[in-house]
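Visitor: Residue numbers (this note's numbering), protein chains in the order written: chain A, 1 to 242; chain B, 1001 to 1111.
In short, the hints are calculated from the structure, not lab data. Any given hint might turn out to be false.
[Stated by the list, open to error] Below, a list of computed lysine to any residue pairs in the SDA-like style, where the Cα atoms sit at most 25 Å apart:
(1) Lys98/A to Lys1031/B
(2) Lys1031/B to Leu24/A
(3) Lys98/A to Ile1032/B
(4) Lys98/A to Tyr1051/B
Just so you know, these numbers come straight off a predicted model, no measurement behind them.
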Amino acid sequence: MKTGTEIMGKIRNRHKRRDAFQLLFLILVFFLMALLGTIFSTIPVNNPGLASAVASLQTESGVESPVTAVLLNFRGYDTLLEVMVLLLAVIGVWSLIKAPAPDPETEISPVQMGVVRLLAPVMCLVAAYLVWQGSHLAGGAFQGGAILGAAGVLLLVSELPWLRTVPASVLRFGLVLGPLCFIGTALGCLFLGGELLAYPEGTAGWLILFIETACALSIGLTLALLFAGGRPHENVSRGDIP
Amino acid sequence: MITTTLYSLTGLILFGMGFHTLIIHSHPLRKILAVNVMGTGVFLILVATAYVPLGQGDIDPVPHAMVLTGIVVSVSVTALALILACRVQETSNLALLKRRNQRKETKETRA
Chain A
1 MKTGTEIMGK
11 IRNRHKRRDA
21 FQLLFLILVF
31 FLMALLGTIF
41 STIPVNNPGL
51 ASAVASLQTE
61 SGVESPVTAV
71 LLNFRGYDTL
81 LEVMVLLLAV
91 IGVWSLIKAP
101 APDPETEISP
111 VQMGVVRLLA
121 PVMCLVAAYL
131 VWQGSHLAGG
141 AFQGGAILGA
151 AGVLLLVSEL
161 PWLRTVPASV
171 LRFGLVLGPL
181 CFIGTALGCL
191 FLGGELLAYP
201 EGTAGWLILF
211 IETACALSIG
221 LTLALLFAGG
231 RPHENVSRGD
241 IP
Chain B
1001 MITTTLYSLT
1011 GLILFGMGFH
1021 TLIIHSHPLR
1031 KILAVNVMGT
1041 GVFLILVATA
1051 YVPLGQGDID
1061 PVPHAMVLTG
1071 IVVSVSVTAL
1081 ALILACRVQE
1091 TSNLALLKRR
1101 NQRKETKETR
1111 A
């Protein structure tokens, strides 16, 4: 039988060992940060980067905003894959877990309903405006999608059962709408012009707006469904374990 | 100049803090938060490198575009990581782990 003091000593020893490791790691992190800091200090200030290269091709991109031009024209392939990552995240979440069932007993307070009635349409309007604005100022699919997602989250936290009333097939179609439009446009360009995502001359502006609108809807739905935390209840697919 | 340095330094400190937490702490939620903080530091550094004072030439839109998509992707990755952590918590046999830990401790105290 061990005495209490011996056990206390053991525990203290273990703490000491852990403290030593933590201290060692802290020193290592400081070294890493010092290294990274020296690397950053060697980067030349006022580095023009690719600004002039983008500016020289701005007129050909079909949009006036340089960020949108980079996102959907010059680096369109990257953005396509990023939209795919969002879709993959939802697929991963849906295959892992079911959405927690909302309590049917809870009553929504009238104040909250008033706020939702006031805010949700305004949010949709702002999202549409941001997507439209993306062609000439700051804005675009991701910003508009984020606002749409916030609107969806607002409905979810207000216990409004839109996740249950909207059919699952509509939700699924909404999720893949953006990626499908993006891939469709890319493949269309491939067949017409010979290169992936090389928009035909003169149509770039409209094609970018088309892709952005579809992607904004999908991104908004993706974010809201990720917040819901699981696949909706009513879509019991074949082979599903109840 | 001073703005870029200040923001870069802040991003660097955020990155270091996140990295430290990621390694030291074992709880999955802390690790997920740490990765988020690290990501925020990286975004801050990227935006700081693209910073140009107003009226002194064009901005470099490439880092901006990268950060823009990166933020949305990091949100979705966080959601997936949280769900995975919940699943691990649900499916891990906590009683078994506790029994194993107890056995290990009794072994250690005997030795």
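Visitor: Next, verify each hint and record whether it holds.
Guide: Do the hints match the structure? See the list:
1. Lys98/A to Lys1031/B: With Cα atoms ~24 Å apart, Lys98/A and Lys1031/B stay inside 25 Å; holds.
2. Lys1031/B to Leu24/A: With Cα atoms ~19 Å apart, Lys1031/B and Leu24/A stay inside 25 Å; holds.
3. Lys98/A to Ile1032/B: holds, 21 Å
4. Lys98/A to Tyr1051/B: violated, 44 Å
Hint violations for this structure: number 4 only, all remaining hints satisfied.
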